[in-house]
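Below are the chains, spelled out letter by letter.
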Amino acid sequence: MALPQPDRFNLSDAAFTCELRRGDRVAEIVLGGEVDIAARPPLDNVLHEALGTDSPDALVVDLTAVTFADSSTLHWLTEVKREADAAGARLTVTTAPGAVRDLLGITGMKPHLSD
Amino acid sequence: MALPQPDRFNLSDAAFTCELRRGDRVAEIVLGGEVDIAARPPLDNVLHEALGTDSPDALVVDLTAVTFADSSTLHWLTEVKREADAAGARLTVTTAPGAVRDLLGITGMKPHLSD
Amino acid sequence: MDDTPPSHWSAPATPYEVGRLRRAATAAAAERGLDGRALDHLKLAVSEALTNAVLHAYPENGPPGPVRLEVAGEDGAVRVTVSDRGSGMAVRSGSRGLGLGLGILASVADFCEICTVRGEGMRVSVGFGCQTGC
Amino acid sequence: MDDTPPSHWSAPATPYEVGRLRRAATAAAAERGLDGRALDHLKLAVSEALTNAVLHAYPENGPPGPVRLEVAGEDGAVRVTVSDRGSGMAVRSGSRGLGLGLGILASVADFCEICTVRGEGMRVSVGFGCQTGC
Ligand SMILES: Nc1ncnc2c1ncn2[C@@H]1O[C@H](COP(=O)(O)OP(=O)(O)O)[C@@H](O)[C@H]1O
Ligand SMILES: Nc1ncnc2c1ncn2[C@@H]1O[C@H](COP(=O)(O)OP(=O)(O)O)[C@@H](O)[C@H]1O
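Protein chains in written order, with my numbering: chain A, 19 to 133; chain B, 19 to 133; chain C, 1360 to 1493; chain D, 1360 to 1493.
Because the hints were derived from the structure by calculation, they are not lab data. Here a beta-carbon is modelled for each residue, glycine too, at the ideal position from N, C-alpha and C. Hints may be right or wrong, so weigh each one.
Here are the in silico distance ranges between beta carbons for each label pair [to be verified]:
#1 D:H1367 with B:A76: 53 to 63 Å
#2 A:P59 with C:H1367: 36 to 46 Å
#3 B:R100 with C:A1386: 34 to 44 Å
#4 B:R100 with D:R1396: 34 to 44 Å
With a straight-line cut-off of 25 Å between C-alpha atoms, the simulated SDA-like cross-links for lysine to any residue are [to be verified]:
#5 B:K128 with C:D1399
#6 B:K128 with D:G1478
#7 B:K128 with B:L38
#8 B:K99 with B:N63
#9 A:K128 with C:G1478
Model the full structure from these sequences, guided by the hints.
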């Protein structure tokens, strides 16, 4: 799968990064840094962009570079899951050991998120 | 509509009463006294009996004689609504001024319950 | 709120104790001068706190642990405290509720204090008829 | 927990202040000797409490009210308090959330104290690295 030039969103807070990568029938949202309530508007935008135009078969949300996340991210992930289901796109959420995986463990949400 | 002999459930706690009345294509659950978590098993039973055998066109839940209710009743009413919708029965919840109507007011739930 | 000593009760945290304890708290609050809508609200708040102890404090398949109820105050200013020795508040992914109980309780009380210690239990105090903060 | 005076900050309850205040609290807690997993958990709990003040304390369409953050303690035993002057906890039928925030916060803290006064605001205290109750 060819990954074209990424669309890049950078918040004024340098800590949070959000990238959308598009491949053949696959969209990948790559987040980095600290994700909290202030990130909600760009997160909603990137989700609509990822699923919006012509809907991919697979959506990947890559959280491996996220250094901090709280329930704001969980609320957004719930929305991601709902919209991916509605668009018929397979969802994969990838995490690394650390803050995000701990949070998913605390809340028992990991099993609900990926197909 | 003819109301035949009511099925009557009485809890050991005299305060709570629960009656199922069946008319022509209508089932009516009439509650009285104090309704709390201890009432949940008979409430679940009466709901299944009301909708179970051959499903009525209309379900009436009469709470006018209820003197006390808390979130246990709201949780049950949410279930009643869900099961009535699934069975295709119109739901009407009737209340009198007092504890139940206050509770529905506090929680803003009244509009969600009846059709 | 100092002269009349507090009333208190302990019982197993089971559904059937909720009504008995709720009625005991309501009667004690009435004796302490609370009445009208505030008394109705106290009754509702106590029922929510007791129901939470029954539903959430202890493992579903074990024997029920204890719940303690205390009513304090006088001259129409009353504080009720419900405490358990359960798990303390935690995230429950398969939660059976709507998240209504604590919201109702906090909505009707003048003030509300919730203390939870991980693995040691939860204590909820609600105040009625008093304008003191917490 | 008595010698080092508490650190505190005040800010408008807006999304963009959450990160700044969270990082300030985390740095202050580290200076007070908290580290490792407990420090990560404090950071998470503070973020949840601040987010609640942003989302729930003040009317959606008005100007943001204030949120206050305090970090106290020393020798690895730290208490963080987040308070607002908003509506206090109440039932919200069209709630935007999952009811996760307070559950997460109570799950990771050693103890948690929530005080809410109707119409006056809410205060959430969380303790880390201390075995004191509340
Ligand atoms: N006494 C308690 N012990 C442990 N957890 C509790 C207790 N009371 C409440 N909780 C937790 O807080 C959550 C919210 O409680 P509540 O607002 O009463 O909602 P519900 O309507 O789901 O019971 C519950 O789902 C539960 O996880
Ligand atoms: N600072 C606050 N001021 C007013 N209400 C609050 C505050 N914090 C929490 N609440 C109320 O408590 C409810 C539960 O909060 P929380 O567990 O954080 O869930 P959510 O994930 O919905 O934000 C909220 O829906 C809100 O009604």
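Cross-check of the supplied hints:
Under the hint 53 to 63 Å, the C-beta atoms of D:H1367 and B:A76, about 60 Å apart, fit the expected range. A hinted range of 36 to 46 Å for the beta carbons of A:P59 and C:H1367 is inconsistent with their spacing of about 51 Å. Taken as a hint, the range 34 to 44 Å holds for the pair B:R100 and C:A1386, whose Cβ atoms sit roughly 37 Å apart. Checked against the hint of 34 to 44 Å, the C-beta distance between B:R100 and D:R1396 comes to roughly 41 Å, which is consistent with it.
Proximity of B:K128 to C:D1399 is assessed by CA-CA distance (about 19 Å); at most 25 Å being required, the pair is judged to hold. Distance check on the hinted pair: B:K128 and D:G1478 sit about 24 Å apart at the alpha-carbon level, within 25 Å; holds. A threshold of 25 Å between alpha carbons decides the hint, and for B:K128 with B:L38 the separation of about 22 Å falls inside it, so the pair holds. Distance check on the hinted pair: B:K99 and B:N63 sit about 15 Å apart at the alpha-carbon level, within 25 Å; holds.
A C-alpha spacing of about 24 Å is found between A:K128 and C:G1478, which places the hinted pair at or below 25 Å, so the restraint holds.
In summary, the one numbered hint that this structure violates is 2.
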